[in-house]
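The chain contents come next:
2 protein chains.
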Amino acid sequence: MEPTGAAAVIIGNEILTAKVVDENGPHLIRRLREVGIPLRSVELVPDEVDVIVESVARARLRAKYVFTSGGIGPTHDDVTVRAVALALGRRVVRLPEMVELITSRAKDALTAEALRLADAPEGAELIAQPGTWFPVLAVDDVYMLPGVPQLFRAQLEAVLTRLSGTPVYLRVLYLGLGESAIAAVLDKVAMDMPHVAVGSYPMFDRSLDYMVKVTVECVDQGPVEDAVARIRKGLPEGAVVRAE
Amino acid sequence: MEPTGAAAVIIGNEILTAKVVDENGPHLIRRLREVGIPLRSVELVPDEVDVIVESVARARLRAKYVFTSGGIGPTHDDVTVRAVALALGRRVVRLPEMVELITSRAKDALTAEALRLADAPEGAELIAQPGTWFPVLAVDDVYMLPGVPQLFRAQLEAVLTRLSGTPVYLRVLYLGLGESAIAAVLDKVAMDMPHVAVGSYPMFDRSLDYMVKVTVECVDQGPVEDAVARIRKGLPEGAVVRAE
Numbered sequence: 001m002e003p004t005g006a007a008a009v010i011i012g013n014e015i016l017t018a019k020v021v022d023e024n025g026p027h028l029i030r031r032l033r034e035v036g037i038p039l040r041s042v043e044l045v046p047d048e049v050d051v052i053v054e055s056v057a058r059a060r061l062r063a064k065y066v067f068t069s070g071g072i073g074p075t076h077d078d079v080t081v082r083a084v085a086l087a088l089g090r091r092v093v094r095l096p097e098m099v100e101l102i103t104s105r106a107k108d109a110l111t112a113e114a115l116r117l118a119d120a121p122e123g124a125e126l127i128a129q130p131g132t133w134f135p136v137l138a139v140d141d142v143y144m145l146p147g148v149p150q151l152f153r154a155q156l157e158a159v160l161t162r163l164s165g166t167p168v169y170l171r172v173l174y175l176g177l178g179e180s181a182i183a184a185v186l187d188k189v190a191m192d193m194p195h196v197a198v199g200s201y202p203m204f205d206r207s208l209d210y211m212v213k214v215t216v217e218c219v220d221q222g223p224v225e226d227a228v229a230r231i232r233k234g235l236p237e238g239a240v241v242r243a244e
Numbered sequence: 001m002e003p004t005g006a007a008a009v010i011i012g013n014e015i016l017t018a019k020v021v022d023e024n025g026p027h028l029i030r031r032l033r034e035v036g037i038p039l040r041s042v043e044l045v046p047d048e049v050d051v052i053v054e055s056v057a058r059a060r061l062r063a064k065y066v067f068t069s070g071g072i073g074p075t076h077d078d079v080t081v082r083a084v085a086l087a088l089g090r091r092v093v094r095l096p097e098m099v100e101l102i103t104s105r106a107k108d109a110l111t112a113e114a115l116r117l118a119d120a121p122e123g124a125e126l127i128a129q130p131g132t133w134f135p136v137l138a139v140d141d142v143y144m145l146p147g148v149p150q151l152f153r154a155q156l157e158a159v160l161t162r163l164s165g166t167p168v169y170l171r172v173l174y175l176g177l178g179e180s181a182i183a184a185v186l187d188k189v190a191m192d193m194p195h196v197a198v199g200s201y202p203m204f205d206r207s208l209d210y211m212v213k214v215t216v217e218c219v220d221q222g223p224v225e226d227a228v229a230r231i232r233k234g235l236p237e238g239a240v241v242r243a244e
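Going line by line, the protein sequences match chains A and B. Each residue of the first sequence is one higher than the one before, starting from 1 at the first, in my numbering. Each residue of the second sequence is one higher than the one before, starting from 1 at the first, in my numbering.
Just chain A, with the same shape it has in the complex:
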């Protein structure tokens, strides 16, 4: 089966060593949900070529679209391009179009290292991004976004305009019973309707008027309403405090 949806690889020692709190993973999760592209996994990995290669290769088995964050730049810790190329079995080449962009921008201050930004997996496409000189680097549905949050966000939007999703239909039930009391009912519905995702989230905050939040979702409304009706029917009277 062809993989669908997306997977993300967030690259950076600075995140794993608590110097920076990752904002790009949560932002990507939120935006993909909004546009209706299911997200299969997010992995935070260090700036190490072999770990990134493995992670990108695995992401491609799980998902159609792969987003990487970070490791795009001219310094020794910027290894994403090399790792993505290895994961795809492609060579790294210098893109003439990028050399031109970098040269015209740097003017007299051009260094050999600045030109590393022109390196990309062979066959890479540059997706122009309105309002900035630096295009999005993409190849085989792997989108290599920069780690700096404002750049990540801008480039992500440029990519999302090209992808199409299917928004999810979601219903939520707030229950006045604990998980152990409702597990049998949820089990049965989840088992009978595998295409509907049923989630159960216990809350331990006594100030709330419910004990468990149950989510029911699917891209189609019909099965969701059907599953909600079955859950309601299976629960004791008065168990549902509130529904959304």
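Think of the hints as simulated: they come from the structure by calculation, not from any bench. Don't take each hint at face value.
Each pair may be met inside one copy or between any two copies, as identical chains are not told apart.
Below, computed lysine-lysine pairings styled on DSBU-like, alpha-carbon distance capped at 35 Å [as the list claims (entries may be wrong)]:
1) K107 <-> K213
2) K188 <-> K233
3) K19 <-> K64
4) K64 <-> K233
5) K107 <-> K19
6) K107 <-> K64
7) K233 <-> K107
Small disclaimer: the values here were computed from a predicted structure and weren't measured.
The hints should help you fit chain B onto chain A, whose structure is shown.
Then chain B, alone, in the frame of chain A:
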């Protein structure tokens, strides 16, 4: 080589579908840094047994200690115990000690599903946690923590008292030059001193008085000071705006 450090597997559809923002990953990253246990990777995965099995098995190849978050509970989407058992090649058994805890706590309201909380990979150890009835479930250095943030935090502390780390010595340089201008110097130091971690983080906020933050770290102070001295020497005069 025996793996060292830690790796994390954060389990939960609710996170990947943006219903909940994961707090446990960032909290774990911060606490491990504070106690000086290096973190190799963090993976966010759905409530799917096969994906979790793969992720836990991989985490164990990368790191000595594996922390999982979420999927501990009595409902159909709580599959962590089963997945960890599979990843370790162990059977799932019902722990008499847990059955007793659950039975005495539930009193008359005991359901068959509540007893699922007593299931664990064979050989699992229960780490008592002061102030709460639910112990930490651990086996082969895999610590299965609950997803609810307040419980995750409490259980993590119970585990951390048993592990020992080596705090990292960190120096930071704030530079008034761009990454392309400093890449050659950093490259050389990073190459010559592979045991010292050198990070380079460009800032695109024009209100800052520097353009790049360079971090230099290692468990030993000597090599860090040596690397900082080499970087300073390699940079043009006045490049360092500030140091920490």
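Inset, instruction - First find the shortest C-alpha distance between K233 and K107 inside one copy, then the shortest across copies, and answer within, between, both or neither for a cut-off of 35 Å. - result: between (71 Å within a copy, 26 Å between copies)
Inset, instruction - Evaluate K107 and K213 at a C-alpha cut-off of 35 Å and name the case that applies: within, between, both or neither. - result: Intra 58 Å, inter 24 Å, cutoff 35 Å: inter-copy only.
Inset, instruction - With 35 Å as the alpha-carbon cut-off, assign the pair K107 and K19 to within, between, both or neither. - result: within (33 Å within a copy, 47 Å between copies)
Legend entry - Copy assignment of K107 with K64, given that the CA separation must stay at most 35 Å: neither (39 Å within a copy, 50 Å between copies)
Legend entry - Copy assignment of K64 with K233, given that the CA separation must stay at most 35 Å: Intra 38 Å, inter 47 Å, cutoff 35 Å: neither.
Legend entry - Homomeric proximity label, K19 with K64: Cα distance no greater than 35 Å: So K19 and K64 pass the 35 Å test inside a copy (31 Å) and across (22 Å) alike.
Inset, instruction - Give the relationship of K188 and K233 under a CA distance limit of 35 Å: within one copy only, between copies only, both, or neither. - result: within (12 Å within a copy, 68 Å between copies)
Violated hints, listed in ascending order, are 4 and 6; each of the other numbered hints is respected by the structure.
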